[in-house]
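J.: Since the structure of chain C is provided, determine the placement of chain L on it from the hints.
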Amino acid sequence: MEAIEHPPIFRLPGIPDHVTYTWLAMVILAVMTFVASRNLQLVPRGLQNFLEVVLEQFQSMIDDVMGHEGRRYLPLIATLGLFILTGNLMGLVPGLAGPTGNLNTTAACALVVFLAYHWIGARKQGVLAYLKHFAGPVPLPLKPLMFVIEVISHLARPLSLTLRLFGNMVGGHILLAVIFLLMGLDGLIGWALSGSVVGAVVGGIGGLVTIVFTVGFLYPLKILVAFLQAFIFVMLTMLYISGAIEEADHHPSTTSRSHV
Amino acid sequence: MRRSLILVGVAVLAFPTAALAADGGTGGWIAPFAVIAAGIGMAIAAGLCGLGQGRAVASAVDAMARQPGAAARIQTAMIIGLALIESLAIYTLVIALILLFVKGINFA
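Chains as they are written, first to last, in my numbering: chain C, 1 to 260; chain L, 261 to 368.
Excised from the complex, chain C in its bound form (with noise of 0.2 Å):
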């Protein structure tokens, strides 16, 4: 990808960007909450009152989709959906590289919900118990074909995490740097600048165009889906840990649905 995408400006030798930008979204997050809650307050004001919001808006979807016993695992989801959407914004500022912008980050937040949501449910339901949950509410001779189907789609969820979140923000950033690379010096901007009449004319124009394209329309729906895609990954991630907490003989209709 780096054919058509700028570099970030601040680059450490030696150090892949992304892991650059990976620490620098871990100190962001650290330092605002640090200094959110060095000085807590019964009556919140400033940035203490803006992360509490957005704790509560967390625990109101969690209450929504797990119940209140899924509160356990705010700490998981919280962070998880904390990190991600600030990689994601971090993709849209010039100059910095967005760390969910690369394979290896998106991958590493699948894998850590997908060996937790199973740590949870074999925690929870006892690692038999867990085990007999794959093989659905079938009749005897069916059940190990539904084992493995079952398997290969649980295998299935870590591998849709990952390149849905990936090829999201690639997309995106592929789109802007292609409308940046037409619009920019070597393109429309250049063509004005060039000194000749029609390049003024036609070069002029269209760059006005492209630029009030992308300021009104492209960066506003990049933002819209930086946090579409942070929600939907802390979504789905709330409905495989309630999917493995749930009791297999409860609910033998719902245990049939698969979310890849």
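Since the hints were derived computationally from the structure, they do not count as laboratory data.
Bear in mind the structure is a predicted one, so any value in this text is a computation, not a measurement.
Hints may contain errors.
[As the list claims (entries may be wrong)] Stretches of chain C that chain L covers, calculated by requiring three or more beta carbons in the stretch to come under 8 Å of a beta carbon on chain L:
#1 158-168
#2 232-246
[Stated by the list, open to error] The following label-pair restraints were derived from C-beta to C-beta distances:
#3 C:147 - L:351: 24 to 30 Å
#4 L:358 - C:68: 39 to 45 Å
#5 C:111 - L:315: 30 to 36 Å
Think of the CB as a built atom: it goes at the ideal place given N, C-alpha and C, for glycine as much as any other residue.
T.: What follows is chain L alone, placed relative to chain C:
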């Protein structure tokens, strides 16, 4: 109509081979086809993904108009469903990116 389509197809298939035969390059003849396949595949995936998402959104809006009280829950379910549908197009995007950018694959 059909004859012209066949002609266009033959031209598309013949042109990269001809260009590379003249070039005599080491890249192999399949690299130009990879670019064509990335474009066509992404177009098909985007179109069909749009059809699927359109059906989903149409049903969801219909349901929200009938039951405004349940709008929030329907919207959440719709967004999850849209993400799951969209991920199929994203798979195609990833394949297209692999075809376009990964240099390590020895196609020829």
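J.: At a Cβ distance under 8 Å, does chain L reach at least three residues of the segment 158-168 of chain C?
T.: holds (count 6)
J.: Has the hinted range 39 to 45 Å been met by the Cβ atoms of residue 358 of chain L and residue 68 of chain C?
T.: holds, 44 Å
J.: At a Cβ distance under 8 Å, does chain L reach at least three residues of the segment 232-246 of chain C?
T.: holds (count 4)
J.: Take a look at whether the Cβ-Cβ distance between residue 147 of chain C and residue 351 of chain L falls inside 24 to 30 Å.
T.: holds, 25 Å
J.: Note whether the CB distance of residue 111 of chain C and residue 315 of chain L lies within 30 to 36 Å or breaks it.
T.: This hint holds: roughly 33 Å between Cβ atoms.
Figure legend: structure checked against the earlier numbered hints; every hint is met.
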